[in-house]
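Colleague: Heads up: the protein sequence lines correspond to chains A and B, in order.
Just so we're aligned, residue 1 is where the first sequence starts under my numbering, counting upward by one.
Just so we're aligned, residue 286 is where the second sequence starts under my numbering, counting upward by one.
All the pointers check out, no bait thrown in.
Derived, one-sided and incomplete: chain B residues facing chain A with beta-carbon distance under 8 Å:
id, residue
1, 460
2, 461
3, 465
4, 475
5, 476
None of these hints come from the bench; they were simulated from the model.
Just so you know, even glycine gets a beta-carbon here, dropped at the ideal spot from N, CA and C.
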Amino acid sequence: MEKYVAVESVSQVFNTARGPFTALDNINLAIRKGEFVSLIGHSGCGKSTLLNLIAGLASPSTGVLICDQREIAGPGPDRAMVFQNHSLLPWFTCFQNVYLAVERVYGANESRAQLRERTAAALELVDLAHASGKYPREISGGMKQRVGIARALAIEPKVLLMDEPFGALDALTRAHLQDALLRIVKRTQSTVVMVTHDVDEAVLLSDRIVMLTNGPAATIGDILRISLPARRDRVALAADPRYLQYRAAVMAFLHQRYSNPEQGGRLALVGAEQTKSEQDCANVA
Amino acid sequence: MNTATRTATINPMTAGTLAAQLGRLGYPLIGLISVVIIWEAIAGKIPGIPTPYDTLLAAIVLFEDPFYRNGPNDVGIGWNVLASLWRVGVGFGLAALVGIPAGFVIGRYAPVRKMAAPVISLLRPVSPLAWLPLGLLLFKAAEPAAIWAIFICSIWPMIINTADGVARVPSDYLNIARVLNLSERKVLTSILVPSVLPYVLTGVRLSIGTAWLVIVAAEMLTGGTGIGFWLWDEWNNLNVQHIIIAIVIIGLVGMLLDAALLALARRFAFAEE
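Just chain B, same shape as in the assembly (with noise of 0.2 Å):
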């Protein structure tokens, strides 16, 4: 009896469950294999596109040996990826250690922020590239231009959520530390840092994002290594099979810096009652 009852239980918790997971994996996967369908379809109609068999097959080829090096010109897909993350982490680094700090003097007091309006009104707007060239005149090589314009695109957004994250400090929070009469060093740590450390995750996401999309711009113009750069040597070489192994590869990317920053977010985030 009490067998036959648990099995009655069990068993529609398991289709529910199974149900479950096909919404969960069975409609993305379902929206994947569209696109290749209609990548099929035009590959088929137009002669230079390459079919989504035959891409995979080059994929194969190229990511059996990710890691070669045949002069500096000419490395694996994998240094490549890892050169351009280099870039990344570097200029995005240099503008959290400048912007994060920034954001809080921002945020903190209102002439510093009327002075900054302004000032980040108009840079923000302009795309980073355009100051590839200031980064070359300024550093003399391709390698820290391509940084600097990754540093010029991250710093805003971390800038920006920072200062808005201390403006939006609760104010409650805030008649905590005056009726307190806490020290600035003990506002800062105990009640602004907390409280603003959601928003500053938050910038930081943005500024990853943009960052990723700018190294592939900044490294088709500089050259050297780096997944942009190796887009555009494939294009140069009409290998238009690379060049999509290369868009899915920028992609995939991308998405997992999103969501390793996301994790951070939440690990971060605490939870208002």
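The shape of chain A in the complex, shown without the other chains (with noise of 0.2 Å):
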């Protein structure tokens, strides 16, 4: 298999107050050029510090992270990152926010022109086009988070990463930007790390989904392969077996191998320590 994106033997502690704190422990994943990525795992820090890790907005304590055949040292523009929270600059509206990624990416060598039409074309790609002079405030949170995804795809990453992309908006309209979602991503054929929690989310959308313990010392525990030919139709995906089979495997991983530490499970074993743990790893994030 080729390995598009590398992450090998990776571990990060952070120092917090209390000592080091290990969040990850020996992370090993390869992912394929195209591939659709979901990392899966209870509330806590292993999935976004991953990410992040991928991102290049943390290095790891050990082991190292691979992109296209280099060494990922810092954060950059061929890792596009999607933010929970939209993060688009208030005072830019929607067209000049994705403007500033697609200049930063390819203003050395092309006209303004160009750049615009890029803009533009981006903007098209998550059914914007008619929003582009709006500012953020004027905007739903579903269109925000379009606008968010238009300009990580505007500037063509090698890799698109998204970090609970849908968390915060509502059930309708999650669903219906998950469609927009696999409309784009199977039009560019990128490859997409996704962070969520939500198990519907990442069976619809992933070729994979990978399983995280709980922390501290999350690694990964179970890796499910999706094989879903007709993604598009969530009415006739919500009674397919195969569906209902993969999502009852995920469901099984998270409440009965690593239920949720906030409510019992392994905190009876682990008793306060851990839960104190979980603080510290909030805190850090």
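Work from the hints to combine the two standalone chains into their complex.
Modeller: Written as structure tokens, this is what we have:
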């Protein structure tokens, strides 16, 4: 299998006031070009920490991360990020927000007209051509998130990183955006790594679901390969036995093998120490 | 029928706006009238204090010709106010030129922030008038010394607010800059400046307020022209009516300056969603 993005023996240790805290322990993961991978696990640090490492926003304590045969040494536009809270600049219009990214990546080699064309095309891709002159405060949460996706896709990244991109949206808007994302990813053949805690979202969108064990020292518990031919039809999918089977598998992992640490489960064994570590972890994040 | 309903709906509405206008203008008016009544009562008890009516008459005479010139130490009230405003403008402008960029650097670079912190903490509580003798020594003249005092008092709020604004730029915005790998210049123009602008304008508002407080005191010491000098001069002439008029003028000008800057701040504040 061709490794486009590779995470090799990566551990992440944070120095907290109470001493070192191991967030990730010995993570190994290889992602193919054009693959859609979801990272799922209970709330804590593991998922987002791993995504930030791929983004280059943090460096691993040990191990190495590789993207397209080069070591990831810092953040860069080849790994565009869609943030949970959209992170649009409020003093820029939707167009200007996307243009900022486009100008950064293509500004040196292309004319202003070409840059504007790319920006318009990206907004078109997320069906927001009509809102390009609007400011973030003037549009809905779902639209803002779509602008965030447009900004990430406009620069044609090698990998699209998404940190719970639809977590803050209502269920209907989320479904609508998931469908849009499926369509866009199919058209652009993007490689995507998405952090989520929504089982349905993970099964619906992913080629593989990477399930992380509970922290501290979270590691990959299991990887589920998804093979669903007709993803577009959400209604038909809801009754598809394979869909239900995948869903059950992820649920079993999350709720039986590694149940929510905040609701008992392993917590009962480890006691208060784990909750403390969870808090540390949240503080670090 | 149609017209009848219309009048029926309009009437309560006009009544509503009338009541609203009374609420908006009526209460402040009652407040001001109360002050005049108290003043009248005090003037009746203490012989040295002029009555509001006498003061009003003196003000009318004074404002009949606000821009006369009878030699360097006797100019109209208009000239005096303009002289004070000019000093505030120059001192404040220079402070903005130095203070705002300094605030950006202090807010952006942690080592500079740590170096500047004790200096600012030490110098900020010092009354600007304490700097006046140094100004006189440095510039050997009253006019630049007064401007110097304004410069000193205006610069702290601008440095502090700008630096604070830079330090408070939401990390989400800076993460965009990091993920896109934006150049430092682009970070400044696209993220820092728009994000910090509301803080800078708050600093400007505070500075102007302090500057206007300080100029009156500074002019009492340096003499020559200006509303502060005029006030002190009228004290020497024992013209208490003019002193009260000066107080009202100083208050009015300060209020207008603040209102103007508030309008400016509203114009540039982006609405957070």
